Structure formats: structure tokens, C-alpha cells
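S.K.: Here the protein sequences line up with chains A and B, keeping their order.
Read in order, the letters of the first sequence are residues 1 to 211 in the numbering used here.
Read in order, the letters of the second sequence are residues 1 to 211 in the numbering used here.
For the record, the hints were derived by calculation from the structure and aren't laboratory data.
In this text, all values refer to a predicted model and were calculated from it rather than measured experimentally.
Take these hints with a grain of salt, some might be off.
One copy or any two copies: either way a pair holds, since identical chains are not told apart in the list.
Computed list of lysine to aspartate or glutamate pairs in DMTMM-like fashion (alpha-carbon distance at most 20 Å, straight line) [as the list claims (entries may be wrong)]:
| no. | residue 1 | residue 2 |
| --- | --- | --- |
| 1 | K8 | D170 |
| 2 | K57 | E75 |
| 3 | K99 | E121 |
| 4 | K91 | D35 |
There are 2 protein chains.
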Amino acid sequence: MGNSDTLKRRGLMFVLSSPSGAGKTTMARRLLVEDDEIAMSVSVTTRPQRPGEVDGKDYIFATRERFMEMVEADEFLEWAEVFGNHYGTPKAQIKAGLKEGRDFLFDIDWQGTQQLYQRAEADVVRVFLLPPSIGELERRLSSRGTDSAEVIAGRMARARSEISHWDGYDYVVVNDDMDACFAKVCTILQAERMRRARQTGLVSFVRDLTA
Amino acid sequence: MGNSDTLKRRGLMFVLSSPSGAGKTTMARRLLVEDDEIAMSVSVTTRPQRPGEVDGKDYIFATRERFMEMVEADEFLEWAEVFGNHYGTPKAQIKAGLKEGRDFLFDIDWQGTQQLYQRAEADVVRVFLLPPSIGELERRLSSRGTDSAEVIAGRMARARSEISHWDGYDYVVVNDDMDACFAKVCTILQAERMRRARQTGLVSFVRDLTA
Numbered sequence: 001m002g003n004s005d006t007l008k009r010r011g012l013m014f015v016l017s018s019p020s021g022a023g024k025t026t027m028a029r030r031l032l033v034e035d036d037e038i039a040m041s042v043s044v045t046t047r048p049q050r051p052g053e054v055d056g057k058d059y060i061f062a063t064r065e066r067f068m069e070m071v072e073a074d075e076f077l078e079w080a081e082v083f084g085n086h087y088g089t090p091k092a093q094i095k096a097g098l099k100e101g102r103d104f105l106f107d108i109d110w111q112g113t114q115q116l117y118q119r120a121e122a123d124v125v126r127v128f129l130l131p132p133s134i135g136e137l138e139r140r141l142s143s144r145g146t147d148s149a150e151v152i153a154g155r156m157a158r159a160r161s162e163i164s165h166w167d168g169y170d171y172v173v174v175n176d177d178m179d180a181c182f183a184k185v186c187t188i189l190q191a192e193r194m195r196r197a198r199q200t201g202l203v204s205f206v207r208d209l210t211a
Numbered sequence: 001m002g003n004s005d006t007l008k009r010r011g012l013m014f015v016l017s018s019p020s021g022a023g024k025t026t027m028a029r030r031l032l033v034e035d036d037e038i039a040m041s042v043s044v045t046t047r048p049q050r051p052g053e054v055d056g057k058d059y060i061f062a063t064r065e066r067f068m069e070m071v072e073a074d075e076f077l078e079w080a081e082v083f084g085n086h087y088g089t090p091k092a093q094i095k096a097g098l099k100e101g102r103d104f105l106f107d108i109d110w111q112g113t114q115q116l117y118q119r120a121e122a123d124v125v126r127v128f129l130l131p132p133s134i135g136e137l138e139r140r141l142s143s144r145g146t147d148s149a150e151v152i153a154g155r156m157a158r159a160r161s162e163i164s165h166w167d168g169y170d171y172v173v174v175n176d177d178m179d180a181c182f183a184k185v186c187t188i189l190q191a192e193r194m195r196r197a198r199q200t201g202l203v204s205f206v207r208d209l210t211a
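Using the sequences plus the hints, can you model the full thing?
M.R.: The structure is reproduced here in C-alpha cells:
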């Protein structure tokens, strides 16, 4: 006792969504490196294992039959089909981790976020990143320089469509500077950890204070 | 556009509560000095004006009759009687401020917090500060050295009673170090400002992005 940092807390699911080109992947990677209390959940997937990938660490590889059995048995918090392959977040792993105070990072789109929220509302914190302007987004999406105008237009259309779901999130951060944006994302995560409802250790702490 | 800091936002009411001796007043003063976007609301009071106090700045001084008229007309967000004097937060002032993106700090007890929350749920962020231990609380409450055991016991009883309402708050921070506690309070305030629902400027910002 006496040190708030030692108080037990319940973990949370931290969702980062953004259109492609708004910095979601950069933010997610940096968060995983700089914050010891958060990790990616390991997804189950039907896509073939690639050289160097470790089953159970990078992904849990499964056949389509096995995956569909898990869907039927309601073993996923959210799942989706992307380019013919299936990806899903297994419930049991997350449930155990949250109880032990571990946080999970989700780099998912608005549909995955909606599924996750419907199933675990109180444990989910949803953050949406926006590009600073449409010009900047276009610049980022075409910066490879080798893509045709048509390909870029397709990306822009998908980005606009993703952005249109911004209002299904708890927090919105405009990413006009990578460092400032990262600091804001960390601020949100740290504040959410201090929510009374997540600080499960407080019950006995307060009991001792008022005894 | 292009700079997220210029986006319009709705203000919030930031409530700090704690038992006497847990650092609430220190935190409140420091917040007012270090954060330009937050201010105390000016309370209406029936207590006599003291030398040096400016009507309309320190307090809005009112007769008991006038105060009760305001109560009847539902012009307070919260009000209370303390040692025979009345204190109340006038609605109109806060309403106008929030709309302009100003935040208001409330240094009130759990009953005031409850009133405020019932009337303005979405705009209220409730933070409760806890002392690090009962021994430390007793030390802080008796540190003047001149008080009788009875006086100290009375203070401790009031502190315990206040603490028992910790679960009516959104966030709880254990104040075992003034600087660390202040940093945590600031983190909560900054995160709450980034809530999507408060960022009223986002609507037109996103409209432009997806146009």
C-alpha cells in the first residue's frame, strides 16, 4: 500500500483507427515499443503462414473449417474477412489478460471497432486519428510516386469512407505532427487507466482507509 | 484548418473532490495557475463581503432573499449551505463559458458533485483524490500541532465519510506525491478535452476532409 502505482487495475482494449495515411500504424508500433503495459492481441487467421512467422506468436494459424467452428462457438470478440482470408480476435486470451491488468492494442477499422464495442463496451477505448488536411492525406497516399492516378483515387475514396465513421469513436486526434499526436494518444491511454471503474485495487485500498 | 489546436471545442466542468488533507486545494490552485483554459466559476454567496473581496470577481454577493429567488427560478447548477451561508454556481455563466470552450474547475464535495452531475452529466468530469494511507492522512490533519485529539478525531471522521463516496467519481488518483498527482490530474483533463463529443469543430473539419 501507499503507492498508487502498485494498485491492481483491470486492463483495457485500446482501439486505434484511421484512414490509411493518417499515421495509425506508426502510432501503434511506437506505443508497443514505449509502453510496457500494452500489447497486441494475437489474432487467429486462415491466411497461410509466411516464412519467419511463428504460430502462436505472430498469429494463431487455423484452417477455414476451424475458424468457422470458432465463429459458431462465439469464440471471437471481432472477426473479419480481408481479401479472402479470415482474421479474428480470440475472446479467452483477452479476457484473461484484462483481468490481470494487461492492455490490448487494436489496429482495426470502424467495422471491427463496432463489433468489439458491442461485445465489450466498458473495456473498450476508441481513438480515431484524422489527417490534418485532404491535401496532406493525398500527399501521403501518393508519396510512393509510382502509383497511377486511378490507384491513388481509389485510396482516397477508401480513406474518405473510413473518415466518415469518425463519430463512432470516443476520442479524435488530428495528426498534424507525429510526436504531438503520439503524446496525445499516450495521454488518452494514461487517463483511461485512471478510471475509477478500472482500478479494481481501490476497493480494498479504500476499505483500509475508512476502516 | 490544418492545426488541431485551433479546432473549436466545448468546455467541460472539472470537479476535484477529496477529503480534507488529500491535496485538493493545492491541486486546484496549481491547475488555475498552470492551465490557461480553465477557471473557477464565480459563485453566488450570501456570506458577508470581506475586505479586499471584489463583488462579481471573487463572489457574486447576494441577500438570502435574492439567493432563494434564484433557487426557485432554477438558476443554479448546484448550491449548498455551509455553516449558515449559502453558495451556488449560477447556470447562465457556465453555460455561456462552456459554449465558448472555457473549462470550469469545481472544488466541491460529493454532494455538490452529485447535484452538478445530475444537471449536466455530459459536461462533467469527476476526479477524486485519495490520501496514500490513513496514517498519512492523520499526519496531515494534525500537522498544525495545536489541535486537541478530539478536534483531530472529528476531522478524521469527516475525512472517512467523504472518502466513502469515492465511487461516485469517474477517476480516482492516489496522492502520494504532489507533483506526480498533479501530472495525473493534468493528464485526465487533457484527455477529456480530446473527447470526440467535445470537439465541436470536428464536424466542419471532417466535412471538409470528406467533401
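S.K.: A separate judgement is required for each hint: does it hold in the structure or not?
M.R.: The hints, checked one at a time:
1. K8 to D170: between (24 Å within a copy, 17 Å between copies)
2. K57 to E75: For K57 and E75, the Cα distance is within 20 Å only inside one copy (18 Å; across copies 60 Å).
3. K99 to E121: Cα proximity of K99 and E121: one copy only (15 Å, versus 29 Å across).
4. K91 to D35: For K91 and D35, the Cα distance exceeds 20 Å both inside one copy (23 Å) and across copies (42 Å).
Of the numbered hints listed earlier, the single one contradicted by the structure is hint 4.
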